[in-house]
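Asker: Below are the chains, spelled out letter by letter.
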Amino acid sequence: KQEVTQIPAALSVPEGENLVLNCSFTDSAIYNLQWFRQDPGKGLTSLLLIQSSQREQTSGRLNASLDKSSGRSTLYIAASQPGDSATYLCAPTGFQKLVFGTGTRLLVSP
Amino acid sequence: DVKVTQSSRYLVKRTGEKVFLECVQDMDHENMFWYRQDPGLGLRLIYFSYDVKMKEKGDIPEGYSVSREKKERFSLILESASTNQTSMYLCASSLSQLAGPSSYNEQFFGPGTRLTVL
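Residue numbers (this note's numbering), protein chains in the order written: chain A, 1 to 110; chain B, 1001 to 1118.
Isolated chain A, as found in the complex (with noise of 0.2 Å):
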């Protein structure tokens, strides 16, 4: 069964820090991943997806890199802005479905 971990749990940084968001996952025969933002009461908005046979993909200030034979992936923020806060949730998937992590919540402070 698919386990996917998140770290860090919660990450508060000033804004216009770089920073790193960490996925990992046991079962390494996915067909993609993708990231995803909540905020608070909401639902998710996808960020960006990854195939199995991508490296990596970005989206503006979003980078998101995957090695799925080291059952790892992440995203990388550039400059991060207060828009910036909120829960960011991986999820790799096997067929047809996603298994999620716990999230990463993120606080930017002005």
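Worth flagging that the hints you see were computed from the coordinates, not collected in a lab.
Treat the hints loosely; a few may be bogus.
Unchecked claim - Short derived list, chain A residues pointing at chain B, Cβ under 10 Å:
(1) L44
(2) Y76
(3) A86
(4) G101
(5) L107
Claimed, not checked - Here chain A is said to cover these stretches of chain B; the calculated rule only asks that three of the stretch's residues, wherever they fall, bring their Cβ under 8 Å from a Cβ of chain A:
(6) 1068-1080
(7) 1106-1116
Just so you know, even glycine gets a beta-carbon here, dropped at the ideal spot from N, CA and C.
For this one, chain A is given, so just place chain B on it according to the hints.
Answerer: Coordinates of chain B only, in the frame set by chain A:
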């Protein structure tokens, strides 16, 4: 843009009531999912459907049932609500992985329904 909508943002029900949560997507996706999210436990899959009238149990199906009569609509049913079903419920949809590699199986989520059972 894909849009997934859920019938209610907030819902308060009493123990023993039958509760219906509705989800509608507008992108002709084959797959639809129901999750619940609880502090410290993350998102857990209740049921999913990969086609009309098809359903498959997720990790925590006990106490729930689902209905998918039309491709765009997926309903979650709590037959007799209990206090331990108080939670945030999230619906999602995606293209079928069987549609081919271009689908990528990316999931899109609705805004969630916060259900309180008293």
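Asker: Taking the hints in turn, state whether each one holds.
Answerer: Hint by hint, here is what the structure shows:
1. Taken as an interface hint, L44 of chain A checks out: its beta carbon lies about 4 Å from the nearest beta carbon of chain B, inside 10 Å.
2. Hint status for Y76 of chain A: violated, given a least beta-carbon distance of 20 Å to chain B, over 10 Å.
3. Because the beta carbon of A86 of chain A sits about 14 Å from the nearest beta carbon in chain B, more than 10 Å, this interface hint is broken.
4. For the restraint placing G101 of chain A at the interface with chain B, the shortest Cβ-Cβ distance is roughly 7 Å, inside the 10 Å limit, so the hint holds.
5. Hint on L107 of chain A is violated. Least Cβ distance to chain B is approximately 17 Å, over the 10 Å limit.
6. Look at the stretch 1068-1080 of chain B against chain A: 0 of its residues bring a Cβ nearer than 8 Å to a Cβ of that chain, fewer than three, so the hint is violated.
7. Counting residues of the stretch 1106-1116 of chain B whose CB lies closer than 8 Å to any CB of chain A gives 8, so the stated coverage by that chain holds, three being the minimum.
Hints 2, 3, 5 and 6 from the earlier list are contradicted by this structure; the remaining hints agree with it.
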